[in-house]
Amino acid sequence: MKLNRSVAAGIALTAGLCLTAGAAMAQSATPAPVLNKADTAWMLVSTALVLMMTIPGLALFYAGMVRKKNILATLMQSFSITALVTVLWGVIGYSLAFTDGHGATAPFFGDFSRVLLFGMGKDTLAPGTTIPESVFMMYQMTFAIITPALLVGSLADRIKFSALMAFVTGWLLLVYAPIAHMVWAANTGLLGKWGVLDFAGGTVVHINSGVAGLVGCLIVGKRKGFGTESFAPANLSYALIGASLLWVGWFGFNAGSAMTADGRAGMAMTVTQLAAGAAAVSWIAIEWLIRKKPSALGAASGAVAGLVAITPASGYVAPAGGLVIGLVAGAVCFWGATGLKHMMGYDDSLDSFGVHGVGGIVGALLTGVFADKEIGGTPGLLQGHPGQVLLQAEGVMVTIVWCAVVSFLLYKLIDKTIGLRVSVEEEIEGLDYSLHGEILH
Amino acid sequence: MKLNRSVAAGIALTAGLCLTAGAAMAQSATPAPVLNKADTAWMLVSTALVLMMTIPGLALFYAGMVRKKNILATLMQSFSITALVTVLWGVIGYSLAFTDGHGATAPFFGDFSRVLLFGMGKDTLAPGTTIPESVFMMYQMTFAIITPALLVGSLADRIKFSALMAFVTGWLLLVYAPIAHMVWAANTGLLGKWGVLDFAGGTVVHINSGVAGLVGCLIVGKRKGFGTESFAPANLSYALIGASLLWVGWFGFNAGSAMTADGRAGMAMTVTQLAAGAAAVSWIAIEWLIRKKPSALGAASGAVAGLVAITPASGYVAPAGGLVIGLVAGAVCFWGATGLKHMMGYDDSLDSFGVHGVGGIVGALLTGVFADKEIGGTPGLLQGHPGQVLLQAEGVMVTIVWCAVVSFLLYKLIDKTIGLRVSVEEEIEGLDYSLHGEILH
Amino acid sequence: MKLNRSVAAGIALTAGLCLTAGAAMAQSATPAPVLNKADTAWMLVSTALVLMMTIPGLALFYAGMVRKKNILATLMQSFSITALVTVLWGVIGYSLAFTDGHGATAPFFGDFSRVLLFGMGKDTLAPGTTIPESVFMMYQMTFAIITPALLVGSLADRIKFSALMAFVTGWLLLVYAPIAHMVWAANTGLLGKWGVLDFAGGTVVHINSGVAGLVGCLIVGKRKGFGTESFAPANLSYALIGASLLWVGWFGFNAGSAMTADGRAGMAMTVTQLAAGAAAVSWIAIEWLIRKKPSALGAASGAVAGLVAITPASGYVAPAGGLVIGLVAGAVCFWGATGLKHMMGYDDSLDSFGVHGVGGIVGALLTGVFADKEIGGTPGLLQGHPGQVLLQAEGVMVTIVWCAVVSFLLYKLIDKTIGLRVSVEEEIEGLDYSLHGEILH
Amino acid sequence: MKLVMAIIKPFKLEDVRQALTPLGIQGLTASEVKGYGRQKGQTEIYRGAEYNVSFLPKVKIEVAVSDDLAARVVEAIQTSAHTGKIGDGKIFVFDLVNAMRIRTGETNDEAL
Amino acid sequence: MKLVMAIIKPFKLEDVRQALTPLGIQGLTASEVKGYGRQKGQTEIYRGAEYNVSFLPKVKIEVAVSDDLAARVVEAIQTSAHTGKIGDGKIFVFDLVNAMRIRTGETNDEAL
Amino acid sequence: MKLVMAIIKPFKLEDVRQALTPLGIQGLTASEVKGYGRQKGQTEIYRGAEYNVSFLPKVKIEVAVSDDLAARVVEAIQTSAHTGKIGDGKIFVFDLVNAMRIRTGETNDEAL
Ligand SMILES: Nc1ncnc2c1ncn2[C@@H]1O[C@H](COP(=O)(O)OP(=O)(O)O)[C@@H](O)[C@H]1O
Ligand SMILES: Nc1ncnc2c1ncn2[C@@H]1O[C@H](COP(=O)(O)OP(=O)(O)O)[C@@H](O)[C@H]1O
Ligand SMILES: Nc1ncnc2c1ncn2[C@@H]1O[C@H](COP(=O)(O)OP(=O)(O)O)[C@@H](O)[C@H]1O
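Protein chains in written order, with this note's numbering: chain A, 2 to 442; chain B, 2 to 442; chain C, 2 to 442; chain D, 880 to 991; chain E, 880 to 991; chain F, 880 to 991.
Read the hints as simulated data drawn from the structure, not as lab findings.
One or more of the hints may lead you astray.
[Claimed, not checked] Partial chain A-side listing against chain C, Cβ under 10 angstroms, derived:
#: 1; residue: Pro-57
#: 2; residue: Val-92
#: 3; residue: Ile-93
#: 4; residue: Phe-119
#: 5; residue: Gly-129
#: 6; residue: Thr-339
#: 7; residue: Val-407
#: 8; residue: Glu-426
#: 9; residue: Glu-428
#: 10; residue: Ile-429
#: 11; residue: Glu-430
[Stated by the list, open to error] Sample of chain A residues with no beta-carbon within 10 angstroms of chain C, all distances over it, derived:
#: 12; residue: Lys-38
#: 13; residue: Trp-43
#: 14; residue: Ala-74
#: 15; residue: Met-121
#: 16; residue: Ile-132
#: 17; residue: Phe-162
#: 18; residue: Phe-227
#: 19; residue: Leu-436
[Stated by the list, open to error] Pairwise CB distance ranges, derived in the manner of DEER restraints:
#: 20; chain 1: C; residue 1: Ser-424; chain 2: A; residue 2: Lys-225; range: 43 to 51 angstroms
#: 21; chain 1: A; residue 1: Ser-163; chain 2: C; residue 2: Leu-414; range: 34 to 42 angstroms
#: 22; chain 1: F; residue 1: Glu-989; chain 2: E; residue 2: Glu-989; range: 44 to 52 angstroms
#: 23; chain 1: D; residue 1: Gly-963; chain 2: C; residue 2: Ser-424; range: 45 to 53 angstroms
A virtual CB, placed ideally from N, CA and C, is assigned to each residue, including glycine.
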């Protein structure tokens, strides 16, 4: 999203422009960007939309898939991560991710010039955009919030609250911030410089959370009763409401990543919608064929799979590309949440890896296939540029390796100190009561 | 909403305008419209708001009125229609509804020039507006989604999932698309040309879905146990949440139909709010008088009735008109959902016709009464233009006839092939388990 | 929020400005303000966001804290207040609050020039802003809706529905409208003229509702079974969803109060988020220390406490100030909802006073401490202007006194006539069934 | 007096109630229970391993009757709750030592 | 030993519990049930035809007591659950063959 | 025949079910109940005064068995539901006059 350098001059036109008769668009002006209120309005709203994706969106989506005794704890996880990351991001996270950095670490990390947001004035614009830096910082914060909230899906029903808070703190600074920097820090980020395309966070958000979730569930181990007891979701309506709010909020996620309210944002919204719809249709269709009954959870999972896969591609692909990405994502993630998981035998409780990890990889690669010069300026495989697919694969690999290694070390560190997992009694009693002293009546 | 031809020149003013001293508003400029980012921002948001009306808004509103065994199936209906219509609209629906069409069918149908959205570029503007066509197409899609989702209310608790998907497919192309075309296709639509006023979909959305629902429930028949068993809603809180989200989202529906962020949008929002509040108050008051207790479901139904009735009128009437329309709609729809229904003896399970059909008709006619030249450019009965009421009635009639006839044929076709209704056992067991294999615990 | 006098000239630049070469920002122009579509778009959205705070946000937040038998009645309270205040505001409330008024009462009340919104045309701008008056009126309406809805928290589980409707009617006109006028009526309001800072409603909304709630619960008395029976919340997930929607909607509340989409709005959003996150963290931390278990309700309450306290300060303080205000608010409101309440022995059922009253006072005073000249033009204590703290304290006092006295009289009047409280049988049976004839199954 | 307790499929509740009315049964008490038996539930697909759900939703009916009615009540329940498919449920009969109507204090057969 | 089972109006649960304490009753078990009887529920208005709701929410109490206490328990329940209005509910008494406290393995009267 | 009714801690349900299988028990019925006893619940903090929650969630199990099995069933439940902490619950045994399988009409021991 940081790639949009063209600056619309906005409301306050310079007199010079006015005098240049016939200049229809302000984009030809190259002087310092000025604040555009329309872009600002759109990004304020997008920030609200993406926050809504986590609370209550994701909170409900996940809470709707657990057993009754863990519903409140699951809501609490998303809610507390929101609060914690808010503080962390303001204090140091944003600075690490989005400032230029120095010397050899600059491709991986920013510097400390925005610690506690010092230096971010009321009228500072975010570099390369027409919106206040405060709005940009906030918008990015909502991405930093949802990513760790997503990975909890793999650890649901058994992770300690204290361990989770500790893990998220370390992970935000050592995994999320650097990967966001690599992909999106306009001047210095490693992957962005390579030319890896990730419009709204296929690598940074989805592969990242999916892989961290997978590593986590391998270390934490299976839930007690896995394979013998019923883990049937207690209240699937929550999952449907959550998926719906994720869908709606995703417009802020993807179209907002244009950083401006123009035709590219409109196109990003269009492909987002088409992919979500197509993936839900393809997941339901497959399930209907194989399992005889199309399930509500299948429809919701399909839509989310499509949204995940289109995330890196939105802003780069045309409508037909969006449709195809959705159809493919629905099918592949169905396999990710069923075949793959059973084959490998890990207990990815709410399919963070099966949907976000797998969907994110599919989307990142297909972005390289369907990228359309007319939409985002970069051609993909179908327009005779196979190198983009390779580039995308490299981006995926770097993300997976960095995320897996650092996450692994963090989990192990916390397991040795605080301990990652609740006791068997607490797990059986349910996290709601054992960790938070509350019961859903 | 397509009637708003005046084009605000937006951010990028032409030099010519700048040189014309004293020209305060850009509306006097007639050259090709250019993209206005503020309008675009508002329409991006309106799109998100209207999508939120269906999922999770309407999904919850309806799910909150059924018995426990059908809650998930009801959520699933709205959710799946969202996915299905998304694909259909992108592939062919939008093209049928909003392109000009050819020859004799042009007043009723568009053409195939936007199939798969080909030809809709990133920078194409929607004709007669200042926003990208992609945003316009998406905004319209959210209307195409909610309309069939509304009609399911009449069929709740007994319609087959497969039959519903088939019906919606046919209905979208043969009923929704042509009626949207007739009313809103700027250059060729039959009713628009006649001068029928429908700002945000009183005919296209509400009468249309209400009538299709009524025809459907007559064909499908009453629920087993109708009149002898308790059909008491299992979880009315969902209905209240749903009604609330419908209310909030309706700002996108009505004020968004201005296609621009200006005083007319503000006025549309104002009358929308006044009508919703007034209708809730009038419904509750009547219920309190007649039944001794004002119910939560009554308050929610009243608000929705007011929102339905103001839909065609928003953008044409002044605040006082909005208040009166709300008060009338609350009373008339109360009768629609009780007196009328019992009198006629059909089983309109969730009152799609009683609220949306009846409210839509009331609103369409009262638009002709209260239309205010100062607001929308067209005077109504109260400003000495009784012809407008007649015009409105003609619009209502055409909608009812087209919708009823084609819907009837579609239902019959599907009944003969797939079968419309689940088996008695499935109905008794509940659609959640029998159709989708899921249970709300 | 009415303090923002700088007027961005918006889309329709006057030719004069265009000819003034080099004038980069339109703010130097002093001619009559013109409509700015970007500001309008943002305020349309903010209105929707604040409405969402009440329905379904607050409705769910409160409904999630009561016993099962009162859930629907609690939802109904927020919903009906929304409908009732909508009508009242349109008919007379807005006129009383936001017109200039006459003579000696002008510092306290407006006049009748906007009764039934007459005189508010489609193209009228709100004075001192760049948005249509209709949008301004609507935005203010959403504040007028949420304030009485907040105070019901103190009366939950035992207030008569009829009494509540009567009380809200009187309270809106005799307490809310004058206090809003005193603080926000640009030309004549008493407290605004004094220089009391209240960006988004710390006094008008939060202290006001908290104090009215406290007075109410003292008069209405404790719930039957207080201290002996379990009042454990039946469905805390609703409280979490509600708190989440409040949080998201609060962006419209605070950043919207800038009345424009610029850097100040961005800064207001930033401090809002930081305060919410910090307060949730501080509440949870304290609870974890003292009670051994961090609760979901604690996290939600903490976030709301932070949002309340930052409300008057947003638009005046810098990020670090926002963080500190949040940390303090979390701790103080924890005490407000536990220590203080138990010390005094009143039954503030859902802690309207403990969170909104106490948090509002903390926030109003800290605004005077942390106000930053760079952000809102006014320096606070830390910038060497201790007088601002005094001013803030005066504003708090006036609000408390006016609100307490008039609310007291109103409660007494209604208690003598309609009666405030349901019968013991109705209270035991639950308000859902006894007042509204509905049951949550 | 006897107390007849039956575990039935939830959707049969209304049928059973209607079958009892002609016998002069004026009251009964029902509750939601979960039954474990030969009938196995569906297989879970996502978000958990595949396995058979062991407990299925059932409805428990309790109806107090005079001794002479007991046999006919059992028969009526069996007939009306019967589908012939596995999981139809059970009927159990207990001796009742005493019964009382709270409203009036009436006891035994008069209380039913 | 006897097991006393009572079907009462939900809002009477707390009163009944308090009425039993003075008799030395230290434990009881309650559950939500739906009762069908002479009392008819409200009429549904929307979203369904008008009819009388047949099942109303009730609470079932089960309390195991020694033989000598049974009569006084029944009486205490009848008095405290009584409103005099239709739908007050029923009390049923069963013989208990055996009772055991799981924690200690104590049986019969000691287990109560 | 006997009907064994046990009130246990909810998380023990699965353990109890598994302990009964080796005895040849093929079915049982469970329901959610609220128990009042020596065990006191947690203290509420917000939104209400501080007090002890009196009713705690429990699960009630009902299993009908032939007379000769009853003692072993009671023992198996006691062992598997035992934690040794207060609130473990109770087991009650009733005489069953009759039992019937709805699907087949079989009665008594064959019906179990
Ligand atoms: N021994 C038993 N004690 C108590 N309830 C039983 C017993 N056996 C079966 N049930 C109840 O009866 C229901 C039906 O039993 P099941 O074995 O599934 O079918 P069927 O009786 O037709 O063979 C079970 O779900 C359970 O609720
Ligand atoms: N024969 C019965 N067997 C079991 N429960 C009964 C029986 N008769 C009544 N009940 C229970 O008692 C409740 C109250 O009975 P009802 O006839 O409404 O009032 P009353 O006992 O005051 O005449 C019913 O709702 C039902 O739960
Ligand atoms: N007399 C009784 N009648 C019915 N149920 C009882 C009785 N006493 C205890 N119970 C049930 O047993 C549960 C455990 O009892 P409690 O006194 O808390 O523990 P313990 O039996 O270990 O002393 C209670 O919650 C209640 O459900």
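Here is what the structure says about each hint:
A cut of 10 angstroms between beta carbons decides the hint on Pro-57 of chain A: the least distance to chain C is about 4 angstroms, and the hint holds. Checking Val-92 of chain A against chain C: minimum C-beta separation of about 8 angstroms stays under 10 angstroms; hint holds. With a least beta-carbon distance of about 12 angstroms to chain C, the hint placing Ile-93 of chain A at the interface is violated under the 10 angstroms criterion. With a least beta-carbon distance of about 8 angstroms to chain C, the hint placing Phe-119 of chain A at the interface is held under the 10 angstroms criterion.
Taking 10 angstroms as the C-beta contact cut-off toward chain C, the hint placing Gly-129 of chain A at the interface is violated, the least distance being around 16 angstroms. With a least beta-carbon distance of about 28 angstroms to chain C, the hint placing Thr-339 of chain A at the interface is violated under the 10 angstroms criterion. A hinted interface residue such as Val-407 of chain A counts as satisfied when its beta carbon comes closer than 10 angstroms to some beta carbon of chain C; here the least separation is about 24 angstroms, so the hint is violated. For Glu-426 of chain A, the suggested interface contact is broken, since its CB lies about 15 angstroms from the closest CB of chain C, more than 10 angstroms.
Using the Cβ-Cβ criterion of 10 angstroms, the hint placing Glu-428 of chain A at the interface with chain C is not satisfied: the shortest such distance is roughly 16 angstroms. Here the hint on Ile-429 of chain A is broken, as its CB sits about 17 angstroms from the closest CB of chain C, past 10 angstroms. Against a cut-off of 10 angstroms between C-beta atoms, the interface hint on Glu-430 of chain A is violated, since the closest Cβ of chain C lies about 13 angstroms away. With a cut of 10 angstroms on Cβ distances, Lys-38 of chain A falls inside the contact zone with chain C, its closest approach being about 4 angstroms.
Its closest Cβ contact with chain C, about 8 angstroms, brings Trp-43 of chain A to no more than 10 angstroms, contrary to its assignment away from the interface. The claim that Ala-74 of chain A is not at the interface with chain C is violated, since a C-beta of that chain comes within 10 angstroms of its own (minimum 8 angstroms). A beta-carbon of chain C comes within 10 angstroms of the beta-carbon of Met-121 of chain A; the shortest separation is about 7 angstroms. At the 10 angstroms boundary, the C-beta of Ile-132 of chain A falls inside the reach of chain C, the nearest C-beta of that chain being 7 angstroms off.
At roughly 7 angstroms, the least C-beta separation between Phe-162 of chain A and chain C is not larger than 10 angstroms, which violates its mark as non-interface. Residue placement check: Phe-227 of chain A keeps its beta carbon more than 10 angstroms from all beta carbons of chain C (closest about 25 angstroms). Here Leu-436 of chain A does not stay apart from chain C, with its beta-carbon only about 7 angstroms from theirs, under the 10 angstroms limit. Restraint check, Ser-424 of chain C to Lys-225 of chain A: a C-beta distance of roughly 49 angstroms satisfies the suggested window 43 to 51 angstroms.
Taking 34 to 42 angstroms as the suggested C-beta distance range, the pair Ser-163 of chain A and Leu-414 of chain C does not conform, at roughly 52 angstroms. Between Glu-989 of chain F and Glu-989 of chain E the beta carbons are some 36 angstroms apart, a value that contradicts the proposed interval 44 to 52 angstroms. Look at Gly-963 of chain D against Ser-424 of chain C: about 52 angstroms separates their beta carbons, and that is inside 45 to 53 angstroms.
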